Structure formats: C-alpha cells, structure tokens
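Those protein sequence lines, which keep their order, are chains W and G. Counting from 1, one number per residue, gives the positions in the first sequence under the working numbering. Counting from 1, one number per residue, gives the positions in the second sequence under the working numbering.
Among these hints, one or two may not hold up.
[Said to hold, decoys possible] Derived Cβ-Cβ restraints for the label pairs, each shown as a range: (1) W:Ile58 with G:Ala39: 38 to 48 Å; (2) G:Gly229 with W:Gln241: 49 to 59 Å; (3) G:Ala39 with W:Asn200: 35 to 45 Å; (4) W:Ala113 with G:Leu26: 23 to 33 Å; (5) G:Leu177 with W:Thr280: 35 to 45 Å.
[Said to hold, decoys possible] 25 Å max Cα-Cα, derived SDA-like pairs, lysine to any residue: (6) W:Lys199 with G:Thr317; (7) W:Lys217 with G:Phe316; (8) W:Lys273 with G:Val336; (9) W:Lys217 with G:Leu135; (10) W:Lys273 with G:Val137; (11) W:Lys199 with G:Phe316; (12) W:Lys199 with G:Gly229; (13) W:Lys217 with G:Gly136; (14) W:Lys273 with G:His340; (15) W:Lys273 with G:Leu228; (16) W:Lys199 with W:Gln237; (17) W:Lys273 with G:Glu230; (18) W:Lys199 with G:Leu271; (19) W:Lys217 with W:Thr145; (20) W:Lys273 with W:Gly165.
Since the hints were made in silico from the structure, they are not lab data. Here the structure is a predicted model, which means the values were calculated and not measured. Glycine is no exception: its CB is placed at the ideal position from the N, C-alpha and C atoms.
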Amino acid sequence: MDLDLFVSALRLAAPLLFAALGGVLSERSGVVNIALEGKLLAGAFAAAVVTHATGNPILGILGAAAGGALVGLLHATFCVLFRGEQIVVGVALNLLVLGVTQFAMRVLYGSSANTPTFPTRGFDVALVAAALVAVPVIHLLLARTRFGLRLHATGEHPEAVESLGVDPIRTRFAAVVLAGAVAGLGGAFLALSASQFVKNMSAGRGYLALAAVIFGKWRPLGAAAACLFFGIAEAVQIRLQGQGVPTQFVQMIPWILTMVALAGFVGRSRPPKALGVPYTGEK
Amino acid sequence: MTLRSLGAAVLAPAASVAAALLFGALLILAIGESPLVVAEVCAKGVFGTAEGLATILFSATGLMCTGLSVAFAYRAGLFNIGAEGQVLVGAFVATLVALALPAAPALVLVPLCVVAAAIGGAFWGAIPGFLRARLGVHEVINTIMLNFLASALTGYLVVHVLREPGEMIPQTPAIPLAAHLPRLGEWTPLPAQSPANAALLVALAAALALAWILARTPFGFRVRALGLGERAARTAGLPVGATIVGAMAVAGAVAGLAGANEVLGFRYRFLDNFTGGIGFLGIAVALLGRARPGGVVIAALLFGALNAASLEIDLFTDVPREIGFVVQAAILLFVVAGDHVLRRRLAAGREG
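Make the full structure from the sequences, and use the hints.
Okay, here's the thing in structure tokens:
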C-alpha cells in the first residue's frame, strides 16, 4: 500500500474512530448508541459555527466536544433518567440534530445547505493524530481505571454494581455524556477537513461506527481495527473510481461484514449483557 | 375504555404533540419571529385550501405505510428500523415489473405492481426476521445494515444497469402509463395536479387489514402474544420463529407500499435514494399512534399536515421550513418522555 492511500485511509477512518470509541463507552455501560450519527453531526456543526465565528480551530474543536456532549446529555436524560426506549431515543436525536442544524444554518447564514468556509490551519491533521491516540487512551480508561471498570460492570450487571455501592445510573449518565463528547470530536474532523459544515455531512458515518463497535466486539482496539479497515476499503474505492469498479460494491462491504459478524460466522460477537435494558434500581 | 387507558391512548400522545408544538413556537420566538403569524399562515394555507389538503394526503400516504410497518413489528416486540430500505426495495421491484410488461393492460399491471412492491419489501423485511429467528441476532442492527445495503444495491442498479439513456440524474426510464395509480384529483374535488393518488386507499386498506389480522386471526394472536413476552410465548408452545419471520415480512410488505406510492403514484420512475428519511419518520408515526393501525393513520395525517405546513412556512414567512421536521423529531422524543411520566403516574397509582 502506498503512502497516499494510507494517508487517505487514515483520514477516512478518523471520524469513525472517534464515533466508535464513543459508541464503545456508551454501549459498554449498557446504553445502545444509535445516536452516534447525531453526535457526529452536532459536533461538526458546533465546530463549524465556533471556528467560523472566532477564526480559531482549537475553540472549534472544543465546541465540537461540547456539542456532542450536549446531545449526549439529552441522550442520557431520556435513556438513563427517563428510562426511555433507547433505540427510539437514538433515532429521535438523530432526526432532531438533522433538523436543528439545518434550521440553525438558515437562521445564521441564510442557507440550509452549507455554512461559509473557514481556515482550518492544519488542525484536521492534528485530529487524525488525536483519533489514533484516543484509541489506547480509551482502552486504558476501560481496562485500567476505576471509572472504566465500573462502567464495564454496569453494562454487564448493574444490580451487582449497585450492591457494591456504586450508582449504575450515575455511571451510565457519565458514560453517555462522555461518549457524546468523544463522538463530537469526530464531527470536528468532518467540518475542519471540509473547511465548512454541509447539511447531513455525517452521511451515515455514525451508523458505520456503530457497525465497527459490533464488528470489534465492543472493545476499543477491536472497534478501532474495524474503523481502519472501513477506512482502507473506502480509500481503495475512491482510488478505483473511474476504473470500472462500481463504488456501491465497496460501500456494501462494511454492512455485509457486520451482518456476517453478528450472525456468528467469524466468532460470536457478544453484546454487553445489560445492553439496552434501562436500570430501574433495586426493588 | 377506562379513564386510565384513555389517558394512555389519547391524552399522552396529544400532550407530546402539544409539547413539541410549544417547543417549535419557542424556537420561532427565539429567532425573533411570531409563532402566531406562523400558525395563521399554516391554518390558512394548509387547512383552508384543497391544495393544502391534497399535500397532507400525499405526504401522509407514505408515512402511513412506514408507520404501519414499524407499528406491526412493534406489536410483535420487534424493532423495524429498516422501513427505509424496505421502501427502496419495494419501489425498485415495482419499477422492474412495470418496465418488464410495457404492453400489459392497466387492470392487470397496476395490481401486479402494487403486489410487487409489497413482495419486495416483504423479502427485505424477512431477512432480519430470519436472522433473528434462526440465529438470535437482534433485528435492530441488521435492519440498519439492510437500509444501507438496499440503498447501495438499488443505487448500483439505477446508475449502471437501468439508467435512463442520456439522462444525468440517476433514475430509471418512465414506467408505462398503464402502471400509473390514478391521482385522486381525477375523481374528487382535489386539484388535478396534486400528487395525492390512489396509494392512499391502498394504505388505508392496509391499515384495516392489519387491524383485522391483529384482532381476528391466529397469526395476529401469535404476534400479540410474542409482543407481550417471547419466553411466555415460547413456553405456551407458539411457533416463535415463524411468527418473527412472518411479522417482519408483513412489516416489510406494508413499507414496500410506500414505494408504490412514490413510483406508481407520483414519480412514475425509480429515482436513486428518493426516500428522504420516510422510514425513520415512520418510527415516530408508529409510536405516536401507539402502534395501533387506527392511531397510526391519525398520526400519519398529523405528520403530513406538518409537512404541508413546512411548505407554507417556507413560502410565506421568514422562518426556516426545517421547523416542521424539528417538531416531528421533538414529537418522537416527547412521546418517549410521556411514557416515562405515564409509568410513574401508574406506579404512584398502584402504591397510593
């Protein structure tokens, strides 16, 4: 593989990496994260608005984390506190962010298609590096820290966690908000690498990241490997464009692989035990 | 109907809609416009005219199909996030049949194409049903994956195999006239150029059929039993696997009818990726309608009215038309929150 292709693959993988790491955090704590798509999109929008307004991409990146965390906060409120159906809440948030970003774009810039462009000053490259660093960081966070172990246990057996004096609801809440912030950074990459925000610019990458979480068996390193693989596949597809290979066939690879992985043909992909089950407390 | 079940069936959804409209009004206030002016514009343009009514009916037709699809699966305890893909596959198969039989008379071709749309959707819906029944894989992820697969697959076929010659837009050639579903304007006072078409009657018939299946047939009984609890259904000796596949196939078939609405009733051809989120909005319609066919019909009309209102808002006010979409998403979120409040009230009622 030549260097150009490798760089292109890394850039395509970067937003997936952030979103998938967010997905691992949230799903490992027991909360299904269909809302990754909305978190990416909110992060991208916040990055664009802040960078455009201040001219400072660093503030834009912080804004993206805040934007993602805000969606995470809504997600946690409805899923963890209100014990809402997690899949429905995720879908609702994705729709809400899609609508609100277009609404806000029209109010702020007079167009619902895209924002004005802004200088990126190379910070998109910094975000690619940050995505690669985030993988071992989240891995260690889950495997080695007290918060990570509690989070992990909450996703498997919240009752047991509570009997040990740890609040599963608080743990999940924190995990989902943190997941939003991390996924938001993926959105920052999307906006900075395009030097603007474009309507629905996440374009299904949140769902692709969710597929990577499952394909990577809910582990940060596994999910990261899946993201890199998806990135390489897309880079190869872009390279092959105009050479007679229909792009749609390469696009299908991640979706088919994920279904195959879930069906158990490449080693069973087992979700956390309490995934999707709202915690109602010891009764 | 007891007071409490009336609350669950009518008051909670109505409160969710009211809260979402209030949220929309606050957004309009926040950007310095008047919600009252917007409401007046919508009331005049949407409910006051035949054009407005026709827009509601056309918009509601597709949402009714996807809403019924999600609702039926939901009654079996299954989440059909895949209506989007089922619509695409249904629309594509209907287009194929119409293009393959250019000489067939309308009396044969129209029903054949409608059935083809249903079969295409049913096939696409049965896949995650089968994977769930045979291998125990949760249907949510598979339905999402199948949405993207449907989009890529139909995209490939439209761009590379069936593209209209000399056309830049990725779309198939037009289907024969004999495959067109008649526009409602042809035999009602609705405007003749309005896209509202006979697919609305198909959707309403589907709602009646699903209500009948659920209430009166052994299959419907098994679907409801499964929805109340898979383990209990299994213990009672019900064929759980077959019911799952069947419920997902029926859900897919109804979603496929939304494809018939687009292809046979409106565009008269398959346009690459035309769905525009109709499958996801169907989730909102299904839950707002409490997963009951009658409720779904009402919810779809309401969402259709919001879509029609968006057009009026775009034309006659300075408020972005996306406000309608935002309110629809907010409705879904508030339905979830409303369930929480209802559960707490019920729990408090039991204790007190």
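Glycine 229 of chain G versus glutamine 241 of chain W beta-carbon gap, inside 49 to 59 Å or not: 50 Å, holds
Distance restraint between lysine 217 of chain W and leucine 135 of chain G, which requires alpha-carbon spacing of 25 Å or less: It holds: about 17 Å lies between the C-alpha atoms, which stays within 25 Å.
Assessment of proposed distance window 35 to 45 Å (beta carbons of leucine 177 of chain G, threonine 280 of chain W): Given about 58 Å between the Cβ atoms, the range is violated.
Cβ distance range 23 to 33 Å for alanine 113 of chain W and leucine 26 of chain G, holds or violated: 25 Å, holds
Straight-line alpha-carbon gap lysine 273 of chain W to valine 336 of chain G, limit 25 Å: 23 Å, holds
Holds or violated: lysine 273 of chain W to glutamate 230 of chain G, with C-alpha atoms at most 25 Å apart: Holds: lysine 273 of chain W and glutamate 230 of chain G sit about 17 Å apart, inside 25 Å.
Distance restraint between lysine 273 of chain W and histidine 340 of chain G, which requires alpha-carbon spacing of 25 Å or less: 23 Å, holds
Distance restraint between lysine 273 of chain W and valine 137 of chain G, which requires alpha-carbon spacing of 25 Å or less: Status holds; Cα separation ~14 Å.
Straight-line alpha-carbon gap lysine 273 of chain W to leucine 228 of chain G, limit 25 Å: 21 Å, holds
Whether the CB-CB distance between alanine 39 of chain G and asparagine 200 of chain W falls inside 35 to 45 Å: Between alanine 39 of chain G and asparagine 200 of chain W, where Cβ atoms are some 28 Å apart, the hint is violated.
Distance restraint between lysine 199 of chain W and threonine 317 of chain G, which requires alpha-carbon spacing of 25 Å or less: 22 Å, holds
Proposed proximity, phenylalanine 316 of chain G with lysine 199 of chain W (alpha carbon, max 25 Å): Answer holds: lysine 199 of chain W to phenylalanine 316 of chain G is near 23 Å, not above 25 Å.
Checked against the numbered hints given earlier, this structure breaks hints 3, 5, 7, 12; the rest are met.
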